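> As you go down the protein sequences, you meet chains A and B in turn.
Start counting the first sequence at 1; every next residue gets the next number (the working numbering).
Start counting the second sequence at 406; every next residue gets the next number (the working numbering).
Since the hints were derived computationally from the structure, they do not count as laboratory data.
It is possible that some hints are incorrect.
Unchecked claim - Using 20 Å as the maximum straight-line C-alpha spacing, the simulated EDC-like pairs for lysine to aspartate or glutamate come out as follows:
1. A:Lys90 - A:Glu107
2. A:Lys8 - B:Glu483
3. B:Lys491 - A:Glu405
4. A:Lys16 - B:Glu546
5. A:Lys2 - B:Glu546
6. B:Lys524 - B:Glu567
7. A:Lys391 - A:Asp325
8. A:Lys12 - B:Glu620
9. B:Lys529 - B:Asp518
10. B:Lys491 - A:Glu323
11. A:Lys2 - B:Asp462
12. A:Lys392 - B:Glu546
13. B:Lys481 - A:Glu400
Unchecked claim - So these bits of chain A aren't anywhere near chain B, every CB distance computed over 12 Å:
14. Lys16
15. Asp48
16. Ser108
17. Gln194
18. Ser199
19. Asp203
20. Val304
21. Arg322
22. Leu347
23. Pro368
24. Ala395
Claimed, not checked - So these bits of chain B aren't anywhere near chain A, every CB distance computed over 10 Å:
25. Glu436
26. Leu508
27. Leu516
28. Asp525
29. Ile531
30. Glu532
31. Asp541
32. Lys549
33. Gly578
34. Thr582
35. Glu608
Owing to the predicted nature of the structure, the values given are computational and were not obtained by experimental measurement.
A virtual CB, placed ideally from N, CA and C, is assigned to each residue, including glycine.
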Amino acid sequence: MKWKSLIKVALKSIMKNRMRSFLTMLGIIIGVASVIALISVGRGTQADISGKIQSMGTNLLMVMPGASGFGGVSRGAGSWHTLTIADAEKIENEATLVTQVSPVVRESAQVIAGRNNWFTSVQGVTENYTVIRSWPVDRGAFFTDRDVKAMAKVAVLGATVADTLFPGQDPIGARIRVGNVPFTVVGVLGTKGQNMMGSDQDDIILAPATTVLFRLGDGKWINSITVSAVSEQETEAARSEIETIMRRAHQLAGSEENDFSIRTQTELNEMATSVTKMMTLLLSAVAGVSLLVGGIGIMNIMLVSVTERTREIGIRLAIGAREADVLVQFLIEAAIISLMGGLLGILLGLVTAGIIGKAISASVVIDPVTIAVSFLFSGIIGIFFGFYPAKKAAALNPIEALHYE
Amino acid sequence: MALIELNNLTKTYRMGDIDVHALRGVNMKVEEREFLAITGASGSGKSTMLNILGCLDLPSGGEYVLGGVQVSGLGKRELADIRNEKIGFVFQGFNLLPRTSALENVELPLLYDRAGRIKDPARKAIEVLTRVGLADRLHHEPNKLSGGEQQRVAIARALINEPSILLADEPTGNLDTVTSMEVIEIFRDLNRQGMTIILVTHEPDIAHQARRAIELRDGRIVKDVVL
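Next comes chain A alone, as it looks inside the complex (with noise of 0.2 Å):
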């Protein structure tokens, strides 16, 4: 038997049946083409919020209050008041392993700038903040660790604050009052964008973080530290030192348990592509699903294909067709049909992956890999289902074959 004539003869066999092949692809083509699109907009969207956490700062470290959840019963981190601004100028102070740290206090208060008012979060930091966040003044200029030290009455806006209070001005040299304390704008942040929650980062007023603590906070406790490691590599090691330092600032014995936790930005990375990891997963498995039902859809139209072909089969039988020669046949003509389908199925999915990335304007990676193993999956069905109806044909008496009606 000739492969080339083989594929010729289920080739035609296709294109004289072209509604029906089209039919029996349907299946494939709606299942590859959900596969791939799913998987490409599931990767674009983990790979935006790797970008997003990554923007959030390089090597970032951040200690929180509360126990990260060893033991018995643990609260949630941060709920407890355990920090205070000493335990962040100990880090910067002995810690080897880091760059900068930064206290981070954080508020909510109305602000007021002459006739506009705005309800925004206030962050006291100190000056290490813009460089652990990479997040550089556009305007103006940040406050100085003197102002820090002096507890200055001055903020730097984030672009959304400095729209929305000084709409089409200068905010630099401003007075707003923030809460009943008032300040002077020193300085507006460059835009930074949505986070990965998709709360606008540029809602924001920065200001030093004794100044936050001692005249809009309870002047003890603060939020959080963030830190930055001196390179990625030694985050886990900045991690420990940071630790210990920690448990000695505040005099845990050697069975008690932190009362802080230190979170990496590798954590929350894993974090946030675990629900997009799952995400992929539970869609994949639907479009496993339709995949199968495609399958199905090939082996019925098969069914009734060797059915309508039977006098055909046994023409082919009666000048010495063997089984195994029938068989081959139609495992060949189930293959095209469902690798066709992969093929439509691949495209189509590229597209939707495309419009859908438009849509909810994420990224879209295409993979190779995805798409060769969805193109091969779709052949390996075509031949699973086409087995049964094949096997059918071959095992047809050629005698009553020639004589159906």
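We have chain A already, so just place chain B on it with the hints.
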């Protein structure tokens, strides 16, 4: 040695609970270059006999020797190969593949020609189609051809593998008298050129065109005459 030898050939079908004895001990020899007509009423066993001669079916008992090969004991694969290499079939209903040109229909058996005896299928197909007078119908599909032309395509298809025997099952059953005679004339021509032909028919006129006629009744040969 005879081309075909049947020794006490029997065929019994089981239909439900009843055994149907289609052939009850047939003895027959066919030499090369013979033109044999098998006649008989319907149910006489002539179709069964043709199916066995054509290796589409196996006998229940007795011997069938084709060109020195004992067919009775062969498996499905060997039967398929014999059908491909040694036998050419012509059917009553033409049995051409629809929406497939005359040329492609005729080439079809070569798809299964494992030995690769014919080197240039297209050329060979044109040659046999020319032999049956259809040189100008190569690219016509069956539904564009008359009944007689379709049957001639089927004959060409039967000839392409250079078989040792041509088996025809009621080849004129679907044709009018004039066309029937044209088709029979092709058979006579082929026979004159040396082809062994066995033809099953219930029409005495057709049977008379052969050189030898056998009549079957109830699964036995009741008459064997040279015409």
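> So, for every hint listed, does it hold in this structure?
Cross-check of the supplied hints:
no. : hint                : verdict
1   : A:Lys90 - A:Glu107  : violated (23 Å)
2   : A:Lys8 - B:Glu483   : violated (26 Å)
3   : B:Lys491 - A:Glu405 : violated (28 Å)
4   : A:Lys16 - B:Glu546  : holds (13 Å)
5   : A:Lys2 - B:Glu546   : violated (24 Å)
6   : B:Lys524 - B:Glu567 : holds (13 Å)
7   : A:Lys391 - A:Asp325 : holds (11 Å)
8   : A:Lys12 - B:Glu620  : violated (44 Å)
9   : B:Lys529 - B:Asp518 : holds (13 Å)
10  : B:Lys491 - A:Glu323 : holds (18 Å)
11  : A:Lys2 - B:Asp462   : violated (27 Å)
12  : A:Lys392 - B:Glu546 : violated (28 Å)
13  : B:Lys481 - A:Glu400 : holds (16 Å)
14  : Lys16               : violated (6 Å)
15  : Asp48               : holds (53 Å)
16  : Ser108              : holds (77 Å)
17  : Gln194              : holds (60 Å)
18  : Ser199              : holds (65 Å)
19  : Asp203              : holds (70 Å)
20  : Val304              : holds (17 Å)
21  : Arg322              : violated (4 Å)
22  : Leu347              : holds (29 Å)
23  : Pro368              : holds (37 Å)
24  : Ala395              : violated (10 Å)
25  : Glu436              : holds (24 Å)
26  : Leu508              : holds (13 Å)
27  : Leu516              : violated (5 Å)
28  : Asp525              : holds (14 Å)
29  : Ile531              : holds (17 Å)
30  : Glu532              : holds (18 Å)
31  : Asp541              : holds (24 Å)
32  : Lys549              : holds (16 Å)
33  : Gly578              : holds (13 Å)
34  : Thr582              : holds (25 Å)
35  : Glu608              : holds (20 Å)
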